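Visitor: Sequence:
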Amino acid sequence: MIKVLLFAHLQEKVGQESIEVEETGLSVKRLKTIMAEKYDLGEIEHVMVAVNEEYALDDDLVQSGDVVAFIPPVSGG
1 MIKVLLFAHL QEKVGQESIE VEETGLSVKR LKTIMAEKYD LGEIEHVMVA
51 VNEEYALDDD LVQSGDVVAF IPPVSGG
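Residue 76 in this note's numbering sits at position 76 of the sequence shown, and the numbers go up by one each step.
Be aware that a few hints might be false.
Unchecked claim - Each computed EDC-like pair below joins lysine to aspartate or glutamate, with the alpha-carbon atoms no more than 20 Å apart:
| # | residue 1 | residue 2 |
| --- | --- | --- |
| 1 | K32 | E43 |
| 2 | K38 | E22 |
| 3 | K32 | E20 |
| 4 | K29 | E43 |
Claimed, not checked - Simulated DEER-style distance windows between Cβ atoms:
| # | residue 1 | residue 2 | range |
| --- | --- | --- | --- |
| 5 | L5 | D40 | 12 to 20 Å |
| 6 | K3 | E37 | 15 to 23 Å |
| 7 | T33 | S64 | 16 to 24 Å |
| 8 | M1 | K29 | 18 to 26 Å |
| 9 | V74 | G25 | 28 to 36 Å |
| 10 | I71 | G15 | 13 to 21 Å |
The hints are simulated quantities; they were obtained by calculation from the structure and are not laboratory data. Model, not experiment: these values are computed from the prediction. Backbone N, C-alpha and C fix where the C-beta goes; we use that ideal spot for every residue, glycine too.
Based on the sequences and whatever the hints tell you, model everything.
Guide: Pasting the structure below:
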């Protein structure tokens, strides 16, 4: 099982701070696609991703027991 942490507007849209995904051995890109389809998160393509507290690329694999964080861009001034 993969634990997915959500922040900012992603958290608000899904209505939860975290969710669990049963599938494992996924690429980060595939996980983004699953999240986009299941929770209507089209903007997820533009967020940074960390796997086990290290930034990850779309081709990186996510395994059972991993913690994935979707981190939207921060704006401010």
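Visitor: Taking the beta carbons of T33 and S64, is their distance inside 16 to 24 Å?
Guide: 19 Å, holds
Visitor: Hint says 18 to 26 Å; check whether the CB-CB distance for M1 and K29 agrees.
Guide: The hinted range 18 to 26 Å holds for M1 and K29, with Cβ atoms some 19 Å apart.
Visitor: Between K29 and E43, is the straight-line Cα distance small enough, at 20 Å or below?
Guide: 13 Å, holds
Visitor: The hint says 15 to 23 Å between K3 and E37; measuring C-beta to C-beta, is that right?
Guide: 19 Å, holds
Visitor: With respect to the beta-carbon atoms only, verify the hint that I71 and G15 lie 13 to 21 Å apart.
Guide: Given about 18 Å between the Cβ atoms, the range holds.
Visitor: Against the 20 Å threshold, does the CA-CA distance of K32 and E43 hold or violate the hint?
Guide: Measuring from Cα to Cα gives roughly 10 Å; hence the hint holds.
Visitor: If you check the beta carbons of V74 and G25, does the distance land in 28 to 36 Å?
Guide: Distance hint for V74, G25 holds at roughly 31 Å.
Visitor: Is K38 close enough to E22, meaning Cα to Cα at most 20 Å?
Guide: Given that 20 Å is the threshold and the Cα spacing comes to 13 Å, the pair holds.
Visitor: The hint says 12 to 20 Å between L5 and D40; measuring C-beta to C-beta, is that right?
Guide: 18 Å, holds
Visitor: Hinted pair, alpha-carbon criterion (20 Å max): K32, E20. Please report holds or violated.
Guide: OK: K32 and E20 at ~13 Å, within 20 Å.
The structure is consistent with each of the numbered hints, conforming to all of them.
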